[in-house]
Amino acid sequence: MTIDSFVQYLANAIALGSMYALIAIGYTIVYGVVRLINMAHGDFFMAAAFLTAFGVSSFALPWYVSFVLATIVTVGVGLLAERVAYRPLRKVRISSFIGATSVSFLIQNSFVVFFSSRSVPFPHPEFLDRVIKFGAISLPVVVLFIMGVSAVLFLILTYIVTRTKMGRAMRAVSKDMEAALMVGVDADRVIAFAFVLSTTFASAGAFLWCSRFPFVSPFTGVMPGLKAFIGAVMGGIGSIPGALVGGFLLGLAEIMLVAFLPTLTGFRDIFAYLLLILFLLFRPGGLFNVKIREEKV
Amino acid sequence: MKPQKKVRRALSIAAVIAVLLFSVWAERHMDGFQVRIIHMWGIYVILVSSFNLIYGFTGQFSLAHAGLAAVGAYTVALLTLSPADKQVSFMLAPPVWPISVVQWPLLPSLLLGGLLAALAGFIIGAPALRLHGDYLLITTLGFSEIIRLLLCNLPGVTNGAMGLKGIPKDTNLTWVWGLAIITLFITKRLVDSSYGRALKCIRDDEIAAEAVGVNLSSHKVMAFVLSSFFVGIAGGLMSNLLGTVAPSTFKPDLTYAVITMAVLGGVRSLTGGVLAAGIYPVASELLRTIETPRQILGISYPGIPGLRSLAFAAMLLFLILFYRRGLMGSNEFSWGGILSRVQRLFGRPKMGGEQG
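The listed protein sequences derive, respectively, from chains A and B. Take 1 as the starting number for the first sequence in the working numbering and just add one per residue. Take 1001 as the starting number for the second sequence in the working numbering and just add one per residue.
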């Protein structure tokens, strides 16, 4: 492998890793405050992408208007799911997982019923299709765009969590929900805010993902959702830097597996699941060794 | 009013014979469509009761059902297909050695399918059952997906993503229901035994169970392996009924269908599971008629694809939100209950049985 193609692979890996990280952050924010594996996260991701495409193709909206509207609708769907399905089940762990899974199927199949199960092209802005050449290395603009947007979003999130009042309330609920309630934190509001953040990140991730792989169907969210979840577990679910690092590492590992051992390409997903299982068995706290308060199952 | 043990046993045996006689009759006299639904019912009974065993009675939420069923299904498919058929249907790579020459009858194939699924269950369960809650369910889901992805990626063994066709259809209703009854019988006996009490103790409070001397991991693993064995049998019956297997049949969706049935019936009730396992395929076929396009009174009705899955997802959400105990909760149909109800209905004076 030449150094040029290595750099090329590295750029792809960083782009893929950034997207996994963005989606993984959505899982981790929700898990951090409510201890819920939001199985529907991949479907919020899909909803944002699908609605963006729908707005452009059916109402001829410019992509940015369509994207903002789609994000608002997706955040609304997320809040609705939280209020209707997740909140009543907050105290019953396994039931909350089954609830989240049925919300996931509900969203997927609603899209199949109201739109169709076919893939539609994703209307990404044209400037992303260009390619920049550095010597023998050619980088698509979209790869650089993904890196830039992810970095900015991560900085914004860090600011919200560490510097704002709401961020402090989130950390309090995450540490000890009862104590947070006692000192007057409105836990319901904090959890709703966590869902807003999580779905916004899903939406941003969806835009980047579909700019890179420009098709979207009601089942688009399943695979990226699962992979990002694996990334979140690798980093330590509940930890935001953990999700970032875990997502990156998974993207890197996947691309490098394909680059160095191309015969094992078909085994890429198996490899990801193996990583997931090994982490859960031997280091359930992930790389950052997150200590999660266990509630009674 | 509890009838004597002999009476209850006689009634149970009579019921089993009645079910088996009915299955023989149904095979001959009912149309193919109805027979198929009753077939699926029997297979779902096995799947649901094995889920009840591991979750309802032992408290270990596992998402490995689809992968374990795939092990049973592929074992039966590969063993019952004739070597000549295998040479034809393996398109991506020729079948590897032991698979290319063997052909077994159905019963030993089913048994081996169950045993291999039990082995897979042991490999999954021994490490995974140390974990709890979210960690356990994600680990078992991961194992289940690994099994499915392996099936996709080993063309010499499984013909990859294309799956296998032309599996001889040897099963009939009597076989399926006979095996379903055996599964229910073994599960019921286990649950009522001292082992069963230990399992329920683990479910209700692990620390207390350990304190009174229950070996946690051996009990959990035993329940999981037995449950996996039944799932393997059910998977084998499924491939034999459908005549085809493909990795896509064994996506996590299959596991969620089993969970839907188990929750509908009540996860702690075997008879509730039997009931729900019958409701599910009937509802599924009814909804299929809404999904498919057709002509009604000259008006063409386009059909709504995806509606079936949507309805089941909505049903599961509704159940889990408002009706978590399911149809039966933790109750069972019992001869004692039925008889005392019958007696009350006819106002007969109390017989000389034991007071219950």
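One or more hints might be untrue.
[Said to hold, decoys possible] Between beta-carbon pairs, the in silico distance windows are:
| id | chain 1 | residue 1 | chain 2 | residue 2 | range |
| --- | --- | --- | --- | --- | --- |
| 1 | B | Asp1253 | A | Asn289 | 33 to 43 Å |
| 2 | B | Ala1015 | A | Phe215 | 14 to 24 Å |
| 3 | A | Arg87 | B | Ser1334 | 52 to 62 Å |
| 4 | A | Arg168 | B | Gly1156 | 55 to 65 Å |
| 5 | A | Arg87 | B | Leu1307 | 43 to 53 Å |
| 6 | A | Ser119 | B | Asp1253 | 37 to 47 Å |
| 7 | A | Val7 | B | Met1091 | 46 to 56 Å |
| 8 | B | Met1091 | A | Lys291 | 49 to 59 Å |
| 9 | A | Ser119 | B | Asn1172 | 38 to 48 Å |
| 10 | A | Lys291 | B | Tyr1323 | 28 to 38 Å |
| 11 | A | Phe215 | B | Val1096 | 28 to 38 Å |
| 12 | B | Ser1217 | A | Thr2 | 48 to 58 Å |
Please keep in mind that the hints were generated in silico from the structure rather than gathered at the bench. Heads up, the beta-carbon is just placed ideally off N, CA and C, and yes, glycines get one too.
Going down the list of hints, with the structure as the test:
1. Between Asp1253 of chain B and Asn289 of chain A the Cβ separation comes to about 34 Å, which falls inside the hinted range of 33 to 43 Å.
2. At roughly 55 Å, the beta carbons of Ala1015 of chain B and Phe215 of chain A sit outside the given window of 14 to 24 Å.
3. At roughly 38 Å, the beta carbons of Arg87 of chain A and Ser1334 of chain B sit outside the given window of 52 to 62 Å.
4. A hinted range of 55 to 65 Å holds for the C-beta pair Arg168 of chain A and Gly1156 of chain B, which are about 58 Å apart.
5. Distance hint check: the CB atoms of Arg87 of chain A and Leu1307 of chain B are about 27 Å apart, inconsistent with the given range 43 to 53 Å.
6. Range check, Ser119 of chain A to Asp1253 of chain B: Cβ separation about 20 Å, and the 37 to 47 Å hint is violated.
7. Checked against the hint of 46 to 56 Å, the C-beta distance between Val7 of chain A and Met1091 of chain B comes to roughly 39 Å, which is inconsistent with it.
8. In this structure the hint that Met1091 of chain B and Lys291 of chain A lie 49 to 59 Å apart at CB holds, the actual value being about 51 Å.
9. As the Cβ distance of Ser119 of chain A to Asn1172 of chain B is approximately 42 Å, the hint placing it in 38 to 48 Å holds.
10. Range check, Lys291 of chain A to Tyr1323 of chain B: Cβ separation about 36 Å, and the 28 to 38 Å hint holds.
11. Phe215 of chain A and Val1096 of chain B have their C-beta atoms about 36 Å apart, which keeps the hinted 28 to 38 Å range intact.
12. Range check, Ser1217 of chain B to Thr2 of chain A: about 51 Å between beta-carbon atoms, so the 48 to 58 Å window is met.
Figure legend: structure checked against the earlier numbered hints; hints not met, in rising order: 2, 3, 5, 6 and 7.
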